[in-house]
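Student: These protein sequence lines are chains P and U, in that order.
Just add 145 to the spot in the first sequence (first one is 1) and you have the working numbering.
Just add 1430 to the spot in the second sequence (first one is 1) and you have the working numbering.
Derived from the structure by calculation, the hints contain no laboratory data.
A hint or two may mislead.
[Stated by the list, open to error] Straight-line distance between alpha carbons at most 25 Å, and here's what the computed PhoX-like set of lysine-lysine pairs gives:
#, chain 1, residue 1, chain 2, residue 2
1, P, Lys194, P, Lys214
2, P, Lys222, P, Lys167
3, U, Lys1482, U, Lys1443
4, P, Lys167, P, Lys214
5, U, Lys1487, P, Lys194
6, U, Lys1487, P, Lys252
Bear in mind that the values here come from a model prediction, so they are computed numbers and not experimental data.
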Amino acid sequence: AQSVAQPEDQVNVAEGNPLTVKCTYSVSGNPYLFWYVQYPNRGLQFLLKYITGDNLVKGSYGFEAEFNKSQTSFHLKKPSALVSDSALYFCAVRDRRWGYSTLTFGKGTMLLVSP
Amino acid sequence: AAGVIQSPRHLIKEKRETATLKCYPIPRHDTVYWYQQGPGQDPQFLISFYEKMQSDKGSIPDRFSAQQFSDYHSELNMSSLELGDSALYFCASSLRGVSGANVLTFGAGSRLTVL
């Protein structure tokens, strides 16, 4: 079975400060990892993914994520937060062994960036 | 660029009624997924189709059924609706490729309210 944990329901950060949204995963094999963002009443939008190679993945809107195999983590980061980054962020995982299996999402973390 | 189109965007039904949601995937995408997102919840996988054949099945109730048609659009049929079926229903599509690293592109969702 594959699962994702996002330990924080909400993250608060001031504009201009760095942000981190945490994600840990569990799979039997090696993972494909994804981050999606959801704005109110909108569908999920893809931010970035980890397949293989460099542990630091860069994505849309200045976001990046670091894959750490020993800690089974894939934390989302941004050096300088914007108010417009305020949204719901979902981490997702797919077990590499079951290439076409469903994508499993975490519970989501609400990011609130204050002016 | 064309996106995933879902209709209707909003739907209000009474208990025990039937509802049908439609999804038009991105052209040339060969896989369609349905997810259900309850209030404050993470998206829960319902079912997926690859090349018009059911590919994977998640927590889809027996009262629900889905299919993918020859033009690749998909419909989710929900019968004997219950209050707990009130949720945002997302359709996503992807190009399967040769690995499990395919990115899902989500539609804006169909909000079902059961009264």
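Student: Now tell me, hint by hint, if it's right for this structure.
Tutor: Results of checking the hints against the structure:
no. : hint                  : verdict
1   : P:Lys194 / P:Lys214   : holds (15 Å)
2   : P:Lys222 / P:Lys167   : holds (9 Å)
3   : U:Lys1482 / U:Lys1443 : violated (28 Å)
4   : P:Lys167 / P:Lys214   : holds (14 Å)
5   : U:Lys1487 / P:Lys194  : holds (24 Å)
6   : U:Lys1487 / P:Lys252  : holds (20 Å)
The structure is inconsistent with hint 3 alone, although it conforms to all the rest.
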